[in-house]
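So the protein sequences, as listed, match chains U and X.
Reminder that position 48 of the first sequence reads as 48 in my numbering, one-by-one numbering, no gaps.
Quick note: to get my numbering, add 98 to the position in the second sequence (first position is 1).
Be aware that a few hints might be false.
[What the hints assert, rightly or not] Label-pair distances were calculated between CB atoms; the ranges are:
no. : chain 1 : residue 1 : chain 2 : residue 2 : range
1   : U       : 47        : X       : 208       : 52 to 58 Å
2   : U       : 53        : X       : 248       : 28 to 34 Å
3   : X       : 307       : U       : 48        : 52 to 58 Å
[Unchecked claim] If you want the ones that stay clear, here's a sample from chain U, every Cβ over 10 Å from chain X, calculated:
no. : residue
4   : 13
5   : 14
6   : 27
7   : 44
8   : 56
Derived by calculation from the structure, the hints in this document are not laboratory data.
Note that beta-carbon positions come from the ideal geometry of N, C-alpha and C, so glycine has one too.
Each chain, written out:
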Amino acid sequence: MRARIIVTLKNGVLDPQGKAIGGALASLGLDGVDGVRQGKVFDVDLATSDEGEARAVLGIACEKLLANTVIENYRIELEAGAAGGDASDAEMPAEGHP
Amino acid sequence: MKAAIVVFPGSNRDGDVARALRASGAAVETVWHAEAALPDGTDLAVLPGGFSYGDYLRCGAIAARAPAMDAVRRHAARGGLVLGICNGFQILCESGLLPGILMRNANLRFICHRQKVRVERADTAFTRGYADGQAIDICVAHGEGNYTTDPTTLARLEGDGRVAFRYCDADGAVTTDANRNGSMNAIAGIYSENRNVLGLMPHPENFVDPLVGGTDGRAMFDGLAQAA
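Build the full structure now, drawing on both the sequences and the hints.
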C-alpha cells in the first residue's frame, strides 16, 4: 500500500520561504495569488494492505519524526489499490538523461 | 569536569568545542551518536555545531532520534549539564529537551558574522563567568536560528527567567537591527526548567583564543570546567 503524507505549517506560524515564493510569483506578473505557504510531501510505501494498520504506523511516523507538531500539521492519505501513479508521475529515464 | 561530546554524521564543530573545553581544563571524550550510553562519570554532555544529517527533513530532527540522545535525555533528567551549540540547539529543541524550534532566518539568508549577545543571568553553571546584562562578543553562523514558539511557552520562558542570551547591539540594547535572524524576543539561547540544559545559536567556542580575535567565549568553558 502506498500513502502520501502532507505536512503543512500551522496557521499563524510565519513562513518566510512561502512569503518569498509568493513574492516571486508576483514578480512573474501573476495576478490573484494572495498568499503561499510551503509544506512537505512524503510518499511512503507500506508492507501492509490493511488501512487501520497503515494509519497506525503512519500516525507514529508523523508524531515522532515527519512533522514537528509545535509548528506543523500533518494529513495522511492512503492510496487505494496498487501504487500506479499517472503519466506525469513517470520515472526519470535511466539513460539519455543529460 | 568530564565532558562528552556527541558526534553525529555531519557534525563539524566537535573539534573546536573539544579544544575550548580542554583549554579550560576539562577532560573530554567524544561519543559516536550510535552509542547507547555516555561515558561513566560524564558531567557535561555537549551537542556540537554542524549540519547533522545534512539538515535533512528539519535541522536536528534526525539526530534528535539517535540512540545517544536517549542517553543525553537520561543524563539531563538526572540533573547533568547539557550544552547544545547551533545545530546542537536545534537538536535539543527537536529532542524535546528544550521547547520551541529554530526556523529559517527571517531574511532567508545564512548569516555568518560577529555578534553581541546579552547575558540575561550570570547565576548558572554556563554563565557564572559573566556579569548580569553583559554584552559579550561572539560569532553566529546559521541559516535556521529564528527562535519560534507558541505564545504560552514564550511567556513561560520569560516569566521563569529561562532566556539565556539575547541578540543585542554594542551597548547591550536589544534592537530589531541586532536581531538579524528574526527570533522571538531576540532569543539567542534558552535554558531548561532546572537550568542544567542550555541551547544557544552563537558559537562561544569560536572565541577562546586571542589569536582569532576574541576571547569572550572562554568564560563559559572556564565556568563549566569549575562546575564539577
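Consistency of the hints with the structure:
The hinted range of 52 to 58 Å is not satisfied by residue 47 (chain U) and residue 208 (chain X), whose Cβ atoms lie roughly 40 Å apart. Checked against the hint of 28 to 34 Å, the C-beta distance between residue 53 (chain U) and residue 248 (chain X) comes to roughly 33 Å, which is consistent with it. Range check, residue 307 (chain X) to residue 48 (chain U): about 57 Å between beta-carbon atoms, so the 52 to 58 Å window is met. The Cβ of residue 13 (chain U) sits about 7 Å from the closest Cβ of chain X, inside the 10 Å cut-off, so the non-interface label is violated.
The non-interface label for residue 14 (chain U) is inconsistent with chain X: the shortest C-beta to C-beta separation is roughly 7 Å, within 10 Å. At roughly 15 Å from the closest C-beta of chain X, the C-beta of residue 27 (chain U) stays outside 10 Å, upholding its exclusion from the interface. Even its closest Cβ contact with chain X, about 14 Å, leaves residue 44 (chain U) beyond 10 Å, as expected for a residue assigned away from the interface. Look at residue 56 (chain U): its CB is around 19 Å from the nearest CB on chain X, clear of 10 Å, so calling it non-interface holds up.
Against the hints set out earlier in the document, violations occur for numbers 1, 4, 5.
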